[in-house]
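There are 2 protein chains.
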Amino acid sequence: METISENACFGGVQGVYRHASAVLGCDMTFGLFLPAEARRHPVPVLWYLSGLTCTHENAMTKAGAQAHAAAHGLALVFPDTSPRGDGVADDDAFDLGQGAGFYVNATRDPWAKNYRMWDYITDELPRVLMAGFALEEDRQAITGHSMGGHGALSMAMQLPGRFASVSAFAPIANPTASDWGRKQFTAYLGADEGTWAAHDSSLLMLEHGFRGDLLIDQGASDQFLDLLRPEALAHAMAARRQSGTFRMQAGYDHSYFFVSSFIGEHIAFHAKALAK
Amino acid sequence: METISENACFGGVQGVYRHASAVLGCDMTFGLFLPAEARRHPVPVLWYLSGLTCTHENAMTKAGAQAHAAAHGLALVFPDTSPRGDGVADDDAFDLGQGAGFYVNATRDPWAKNYRMWDYITDELPRVLMAGFALEEDRQAITGHSMGGHGALSMAMQLPGRFASVSAFAPIANPTASDWGRKQFTAYLGADEGTWAAHDSSLLMLEHGFRGDLLIDQGASDQFLDLLRPEALAHAMAARRQSGTFRMQAGYDHSYFFVSSFIGEHIAFHAKALAK
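Note that the protein sequences, when read in sequence, are chains S and W.
First residue of the first sequence? That's 1 in UniProt numbering, and the numbers climb one at a time after it.
First residue of the second sequence? That's 1 in UniProt numbering, and the numbers climb one at a time after it.
If you are wondering where the hints come from, they were derived from the structure by calculation, not from laboratory data.
Source: prediction; values computed, not measured.
Treat the hints with caution; some may be incorrect.
[Claimed, not checked] Covered by chain S, per the in silico footprint, the following chain W stretches (three or more residues, Cβ under 8 Å): (1) 40 to 48; (2) 177 to 189.
[Claimed, not checked] Over 10 Å on every C-beta distance to chain S, these chain W residues come out as not near it, computed from the model: (3) 8; (4) 11; (5) 18; (6) 27; (7) 84; (8) 107; (9) 119; (10) 138; (11) 251; (12) 253; (13) 264.
[To be verified] Below, computed lysine to any residue pairings styled on SDA-like, alpha-carbon distance capped at 25 Å: (14) W/113 with W/226; (15) W/272 with S/67; (16) W/272 with S/71.
No residue lacks a Cβ here, since even glycine has one placed at the ideal position from N, Cα and C.
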């Protein structure tokens with residue numbers, strides 16, 4: 001593993017590291033914030049999955065998350081959103097290929113060779129992190145924005161017991177019924193829609209729910225509401241009788257100004273769940 | 001004035017606006033955060049001057065300042081760092097020309113035509129802001145990072161009574177004795193070093209000091225310490241018996257991870273001064 005940079009930040013260290021991913025068949029870069037406490041003992045960790053077009057860097061520099069993670073003694077992981085590099089399949093569209101992994105294991109060419117973001121985030125990267133840094137494997141939580149909110153919710157529901165809590169900012173909540181989902185699932189997973197349900201938070205909510213704490217924030221002035229379909233997730237949560245909170249925030253859009261406005265509350269929420 | 005964007009942010013609005021600058025002879029873009037209070041009455045304003053290579057956008061997206069400004073009911077102004085555009089003189093170096101205005105009025109060609117950042121920040125932009133937004137002209141404070149810290153300190157000391165308080169993150173503290181200064185002052189102001197002293201915070205401190213509250217933060221692991229010369233400013237502050245605080249922060253570098261780590265304390269500091 002290669003250290004790209006390490007910056008002092010709120011008494012801890014904001015690092016950026018690169019490693020060879022066997023699962024994805026390329027080098028991958030991730031950000032990791034370690035609070036001061038990590039110098040003395042392992043700390044709990046909050047995963048932050050990013051949205052379309054993002055790299056490891058967007059949330060790391062724009063969400064204002066480190067202040068709150070430092071206050072609560074949490075580590076933050078900022079993975080990239082897809083495999084990367086010249087040898088990795090791509091598409092001219094911003095919402096397919098590099099920067100748009102959608103947190104699935106692709107089964108269709110040309111994507112199947114590298115696009116295994118589900119396994120990367122749920123298996124390989126956790127092993128890299130737990131082996132290399134002072135993190136508590138049994139105290140993990142997950143959040144994400146947009147496509148990353150979809151990833152966070154899908155993983156939290158598919159891997160019961162892994163995450164104490166899950167939250168999301170403006171998640172792609174019902175991708176099997178949206179152009180942010182149908183296009184990508186067709187490309188990555190094929191036309192058989194039966195394989196898609198495992199990656200749709202609203203369907204997963206109806207079928208499995210989540211045993212743990214759950215918080216959703218959605219901006220009421222989000223320019224992508226038709227693609228995100230928050231109403232499907234809100235309906236599913238209520239129909240499931242899922243304990244948790246769904247908040248529609250008046251005036252907020254899809255930007256990091258929205259994320260940063262509420263990241264403090266999300267991190268406090270996860271810290272409380274991780275302290276149980 | 002043209003509205004480029006307005007995003008809900010911490011209960012207020014983060015706006016980006018463009019206007020035709022008569023002083024600079026080009027269109028200029030600035031960011032303005034207005035807290036919720038500005039919907040009901042004018043609010044005090046904190047200027048944030050940015051560093052080399054920055055635009056209006058860097059601090060606006062990476063400093064995490066809005067959370068604290070909202071908590072204290074302050075507006076934040078994020079100006080650009082130089083005139084811009086195809087018709088504006090430039091240089092291939094990152095530290096001269098566009099992105100590197102150094103907050104002076106250039107008197108030498110080819111810079112004199114557009115590079116009048118002193119007048120823009122101290123005269124034209126304030127008039128634009130006071131005419132267009134709910135801001136209190138008699139409650140202003142100023143801060144900045146690196147080249148912007150130099151600008152903030154220079155303006156605060158040259159314009160007594162304008163700013164209730166001044167702070168800086170890793171300011172270029174002694175440009176007349178640094179390659180971050182001598183090169184640019186030679187280009188913009190000419191070889192006569194007598195004209196440079198009005199733009200050197202350490203010299204201004206010795207000569208004028210600042211009547212108001214003053215706070216300096218400098219990272220001890222800053223990669224540009226030799227160019228910033230914080231020791232000159234610390235010496236001048238002590239020699240002047242200037243009331244204020246100079247903090248050397250162990251481990252921190254020159255990045256926005258440093259700025260964001262302490263921006264909350266700076267904004268609280270300015271809010272307290274503005275409440276006097």
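Each hint, compared with the structure:
no. : hint             : result
1   : 40 to 48         : violated (count 0)
2   : 177 to 189       : violated (count 0)
3   : 8                : violated (4 Å)
4   : 11               : violated (8 Å)
5   : 18               : holds (18 Å)
6   : 27               : holds (23 Å)
7   : 84               : holds (23 Å)
8   : 107              : holds (37 Å)
9   : 119              : holds (31 Å)
10  : 138              : holds (29 Å)
11  : 251              : violated (4 Å)
12  : 253              : violated (6 Å)
13  : 264              : violated (7 Å)
14  : W/113 with W/226 : violated (32 Å)
15  : W/272 with S/67  : holds (21 Å)
16  : W/272 with S/71  : holds (23 Å)
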